[in-house]
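Asks: Taking the hints into account, I'd like the entire structure generated from these sequences.
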Amino acid sequence: EVRLKGAYFIKCNEVIKNESGEIVELRCSYDPETKSGSGFTGRKVKGTIHWVSAKYGVPCEVRLFENLFNDAPSGDNLFEYINKNSLEVKKNAIIEPAALRLNEEGRFQFIRHGYFIRDTRLSKEKLVFNRTVSLKSSYKK
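Count along the sequence shown starting at 1, add 4, and that's the number in the working numbering.
None of these hints come from the bench; they were simulated from the model. Where hints are given, some of them may not hold.
Within a straight-line C-alpha distance of at most 30 Å, the following computed DSSO-like cross-link-like pairs (lysine-lysine) qualify [stated by the list, open to error]: (1) Lys50 <-> Lys21; (2) Lys21 <-> Lys94; (3) Lys88 <-> Lys140; (4) Lys59 <-> Lys95; (5) Lys39 <-> Lys50; (6) Lys130 <-> Lys88; (7) Lys9 <-> Lys95.
Using C-beta positions, here's what the derived DEER-type ranges look like [as the list claims (entries may be wrong)]: (8) Lys130 <-> Glu84: 32 to 40 Å; (9) Asn22 <-> Phe83: 40 to 48 Å; (10) Gly46 <-> Lys9: 14 to 22 Å; (11) Leu104 <-> Glu18: 29 to 37 Å; (12) Lys128 <-> Ser90: 22 to 30 Å; (13) Lys95 <-> Asn74: 19 to 27 Å; (14) Glu84 <-> Ile27: 36 to 44 Å; (15) Gly43 <-> Ile86: 48 to 56 Å; (16) Ile115 <-> Lys15: 21 to 29 Å; (17) Gly46 <-> Gly25: 31 to 39 Å; (18) Asn74 <-> Asp35: 45 to 53 Å; (19) Lys94 <-> Lys50: 20 to 28 Å; (20) Lys128 <-> Tyr85: 31 to 39 Å.
Keep in mind it's a predicted model, so treat the numbers as computed, not measured. Every residue gets a Cβ at the ideal spot worked out from N, C-alpha and C, and that includes glycine.
Replies: Following this line, the structure appears as structure tokens:
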């Protein structure tokens, strides 16, 4: 049992798979007494899921930036300190439809991932968002 962010506790009753064994559908039930904001405290859940509807969501690309260097560079060869995982690109992300009505600056928080800004210089045709600040620092001290 988990909570859907801004909704109810749900429980998965059945998993539907296609011929390849991939999950294509989850059949769930919800508890109407557990509505977010109702003050329900009757039981705890394993976690909270923030979800976006694949049917009504907007496709976009999300760029997750990390530290450029693994350690503080010293010496002449900066390339040996480069973090090869400093950029992760999620090409098939889905965001809330409200993203189409963003203000000029296009800044907002993606829950649990950080703060993002829309990249309008890179692409005018598709939505691209660059993470500017992570919510949890993973910087090595």
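Asks: For every hint, state whether the structure bears it out.
Replies: Tested hints:
1. Of the pairs offered as hints, the one joining lysine 50 and lysine 21 holds, with about 24 Å between alpha carbons and a cut-off of 30 Å not exceeded.
2. Proximity of lysine 21 to lysine 94 is assessed by CA-CA distance (about 24 Å); at most 30 Å being required, the pair is judged to hold.
3. Pair hint lysine 88 plus lysine 140 holds up; C-alpha atoms about 20 Å apart against a cutoff of 30 Å.
4. Note on lysine 59 and lysine 95: the hinted pairing holds, with a Cα-Cα distance of about 17 Å set against a maximum of 30 Å.
5. With a C-alpha separation of about 16 Å, the suggested pairing of lysine 39 with lysine 50 holds against the 30 Å cut-off.
6. Straight-line distance between C-alpha atoms of lysine 130 and lysine 88 comes to about 26 Å, which keeps the hinted pair within the 30 Å bound.
7. A C-alpha spacing of about 24 Å is found between lysine 9 and lysine 95, which places the hinted pair at or below 30 Å, so the restraint holds.
8. About 35 Å separates the C-beta atoms of lysine 130 and glutamate 84, a value consistent with the hinted range of 32 to 40 Å.
9. Roughly 45 Å separates the CB atoms of asparagine 22 and phenylalanine 83, a value that falls within the hinted 40 to 48 Å.
10. Remark: the range hint 14 to 22 Å for glycine 46 to lysine 9 is upheld by a beta-carbon distance near 19 Å.
11. The beta-carbon spacing between leucine 104 and glutamate 18, approximately 34 Å, falls within the hinted interval of 29 to 37 Å.
12. At roughly 26 Å, the beta carbons of lysine 128 and serine 90 sit within the given window of 22 to 30 Å.
13. Our hint of 19 to 27 Å for lysine 95 and asparagine 74 holds, since their Cβ atoms are close to 25 Å apart.
14. Roughly 42 Å separates the CB atoms of glutamate 84 and isoleucine 27, a value that falls within the hinted 36 to 44 Å.
15. Range check, glycine 43 to isoleucine 86: about 51 Å between beta-carbon atoms, so the 48 to 56 Å window is met.
16. A hinted range of 21 to 29 Å holds for the C-beta pair isoleucine 115 and lysine 15, which are about 22 Å apart.
17. Taken as a hint, the range 31 to 39 Å holds for the pair glycine 46 and glycine 25, whose Cβ atoms sit roughly 36 Å apart.
18. A C-beta distance of roughly 46 Å is found between asparagine 74 and aspartate 35, which places it inside the suggested range of 45 to 53 Å.
19. Checked against the hint of 20 to 28 Å, the pair lysine 94 and lysine 50 passes, with Cβ atoms roughly 25 Å apart.
20. Between lysine 128 and tyrosine 85 the CB atoms are about 35 Å apart, so this pair conforms to the stated range of 31 to 39 Å.
Every hint, counting from the list given before, is met by this structure.
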